[in-house]
Structure formats: structure tokens, C-alpha cells
Amino acid sequence: MLQWIRKFYKNIFQKQSQIEPIADNEILARFIFNKKQLNASGAKAAAFLPPSDNLKTSVFRKTRMTEENYQNVKNSVSEKRAQTHKATALLMVPDVLSVGLLVEPEESDYKWHADLVNWPDEKDERKSVAQELALVSQVIER
Amino acid sequence: MTSLAVQLGNSDGWGRHFQPLTKGVSEPAKKSVEFANMAEEHFNKPISNASRERTLINEIFETYWLAQDPGWDGYDATPISPIAVNRAIQFLDSSRFDRIPVPDVTPEPDGELALEWYGNAGSVFSISFGQTNTISYAGLYADKSKIHGVENIASVDKKILQKYISKAVSN
Numbered sequence: 028m029l030q031w032i033r034k035f036y037k038n039i040f041q042k043q044s045q046i047e048p049i050a051d052n053e054i055l056a057r058f059i060f061n062k063k064q065l066n067a068s069g070a071k072a073a074a075f076l077p078p079s080d081n082l083k084t085s086v087f088r089k090t091r092m093t094e095e096n097y098q099n100v101k102n103s104v105s106e107k108r109a110q111t112h113k114a115t116a117l118l119m120v121p122d123v124l125s126v127g128l129l130v131e132p133e134e135s136d137y138k139w140h141a142d143l144v145n146w147p148d149e150k151d152e153r154k155s156v157a158q159e160l161a162l163v164s165q166v167i168e169r
Numbered sequence: 392m393t394s395l396a397v398q399l400g401n402s403d404g405w406g407r408h409f410q411p412l413t414k415g416v417s418e419p420a421k422k423s424v425e426f427a428n429m430a431e432e433h434f435n436k437p438i439s440n441a442s443r444e445r446t447l448i449n450e451i452f453e454t455y456w457l458a459q460d461p462g463w464d465g466y467d468a469t470p471i472s473p474i475a476v477n478r479a480i481q482f483l484d485s486s487r488f489d490r491i492p493v494p495d496v497t498p499e500p501d502g503e504l505a506l507e508w509y510g511n512a513g514s515v516f517s518i519s520f521g522q523t524n525t526i527s528y529a530g531l532y533a534d535k536s537k538i539h540g541v542e543n544i545a546s547v548d549k550k551i552l553q554k555y556i557s558k559a560v561s562n
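As they're listed, the protein sequences go chains A and B. Here the first sequence is numbered in the numbering used here, starting from 28 and rising by one per residue. Here the second sequence is numbered in the numbering used here, starting from 392 and rising by one per residue.
Hints are computed from structural coordinates only; laboratory data are not their basis. A couple of the hints might just be wrong.
[Unchecked claim] Under the rule of at most 27 Å between Cα atoms (straight-line distance), these lysine-lysine pairs were calculated in the BS3-like manner:
1) B:558 - A:62
2) A:113 - A:83
3) A:83 - B:537
4) A:101 - A:113
5) B:550 - B:537
6) B:549 - B:535
7) B:537 - A:62
8) A:62 - A:83
9) B:537 - B:554
10) B:537 - B:549
11) A:107 - A:62
12) B:535 - A:83
None of the values given here were measured: they were computed from a predicted structure.
Work out the full structure, taking the sequences as your base and the hints as a guide.
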């Protein structure tokens with residue numbers, strides 16, 4: 028029993044230690060599934076806003092992924108959520124950090140998944156941060 | 392064969408007197424005159440605020456329906472609240488927004504509905520409506536200036552909001 032517990036925690040520690048830290052030159056991908064979060068110029072701020080219950084914005088570490096892996100993940104997320112992918116918004120890690128957010132790897136469901144965290148508590152401040160992200164983002168795959 | 396002739400008057404040299412004529416006696420001939428008159432009436436009608444308002448209301452409801460299911464954004468979004476829709480419409484009704492461009496309507500993942508104005512140079516001003524009496528707003532302008540805040544719907548100074556909107560659409 029003790030051996031099993033030791034093995035269990037060893038596996039967890041190994042998994043956590045296998046998560047690559049976020050590098051400054053990484054490009055992050057935010058999948059967009061609702062056309063109302065896009066306009067002619069690109070992604071609207073709302074595409075980056077977190078839900079109010081956990082204040083985390085889901086992204087993928089595109090630079091770390093092969094093209095095949097990226098497409099598979101995109102299709103898997105679309106299928107899992109029963110939503111049609113409309114576009115992808117790309118962000119550079121330094122741009123995310125410059126608006127006060129942090130990038131936190133979170134790989135419980137998908138490898139190379141991360142969350143944008145450290146959003147302000149107040150909605151108007153979150154809107155302001157999201158507007159800055161929208162301004163610097165690049166939309167692809169429309 | 393039905394033929395339709397148009398007699399152009401010479402009241403101002405531009406043929407503003409539009410008078411469709413036909414010698415046909417058949418039903419299609421009479422219909423063509425009727426449709427020509429309807430077309431003239433339509434194109435001569437001034438662009439009314441009523442149709443502008445109708446366009447906006449339609450877009451608000453379209454946005455509402457597109458964000459009705461939990462997870463409508465493919466993540467953990469809350470469905471847009473009917474109260475938020477109502478508050479947005481009431482706000483527009485109570486303001487002299489017939490003087491500014493029709494806003495974009497955007498659903499937000501927390502269930503709020505945003506009215507947004509964009510400028511050609513990248514400026515944006517956005518107001519969010521939710522289930523309470525407060526609105527949250529934020530603006531980012533081409534000159535890199537920013538504004539954001541929270542106000543009570545009933546007491547907000549609409550002239551100041553109009554100023555923020557005007558700054559966005561003109562930059």
C-alpha cells in the first residue's frame with residue numbers, strides 16, 4: 028500500500044516536472060468559436076475575456092506544438108465543445124505579460140495547454156486589459 | 392409583352408417628376424406601374440431613425456440567440472442574460488443615440504452584453520450591460536490613451552459617454 032502511494036506521488040511529481048516553463052518567445056493561440064467575437068479588423072476584446080467564475084482564459088502554446096498536433100487539438104476541442112472553429116487569435120507571451128497577466132501551464136486535458144491568469148477583479152479593468160490584448164493579437168484561420 | 396415608359400418632368404431639369412406610364416391593360420402592366428411607384432416611394436423616403444433602430448434591435452436579438460447555450464464561446468461562457476439585453480435596449484432608448492453610429496453588439500463570457508464602437512485607426516469604446524443597475528465601460532484609443540469605469544445606469548452622464556464614443560469612431 029505504501030509502495031503504491033509512493034509510486035502515485037512520484038508519477039505526479041514527474042508529470043509536473045515535465046511541464047516546460049513558458050518562454051518569452053512563445054506564441055499563444057486562442058481558439059474563437061463565436062462569430063460575434065470577431066469583426067473585420069480581427070478579434071474583439073470579448074474573445075479574450077475570462078468567464079467570471081474562474082478568471083482564466085484558455086490558450087495553447089502554439090510554438091511548442093507540431094502543426095499536426097495543433098490541428099488535432101483544435102479539432103478535438105471543437106468536437107468536445109460541439110462548436111465550429113471560426114478563427115484563431117495569436118498572442119506573444121511578452122504582450123500578455125505587459126498587460127499584467129501571467130501565463131500558467133495547465134495540462135490536465137491537453138499537452139501544451141495554458142491559462143492566462145492574474146486578471147483584475149473588476150469588470151471594467153478586465154475589459155481594458157482585453158482591449159489591449161485584442162489590439163496586439165493577430166487573427167488567422169478565418 | 393408589358394412595356395413601361397417613364398415620363399420625366401422638367402421642373403428642375405433633373406427629371407424629378409417621375410411618372411411611370413403604360414398603355415398596357417393587362418394585370419402585369421398595371422402591376423409594373425404599381426411597383427414602379429412603390430420603388431419611387433422607397434428611394435425617395437428619408438433614412439429614418441426607426442429603420443436604424445430596428446437594425447440595431449435585430450442585431451441585439453441575433454447576438455442573444457447566438458449566445459444562449461452554456462459554453463457558447465467554446466469554453467465556459469455563461470448564456471447572455473435577457474435582463475442584460477433589456478438593459479441595453481432601455482439604455483439606447485433613453486439616450487440620444489440617433490446621433491452616433493450604430494454600435495457592434497458583442498456577447499461576453501460572463502453573460503453580459505456589450506455595445507461597442509470602433510474607429511478606423513484602431514480605437515474602441517465598449518459598454519457592458521449585465522443583470523444589475525451598473526454598466527462597465529472601457530475605451531482604448533489610437534493615441535494610446537485609455538479609459539475605464541463603472542457607473543450606475545440611472546445616474547451616468549450620457550454626454551460623457553457620447554464623448555467617449557465620438558472619440559472612438561473618429562479615430
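Worksheet item: Any of the earlier hints contradicted here, and which numbers?
Response: none
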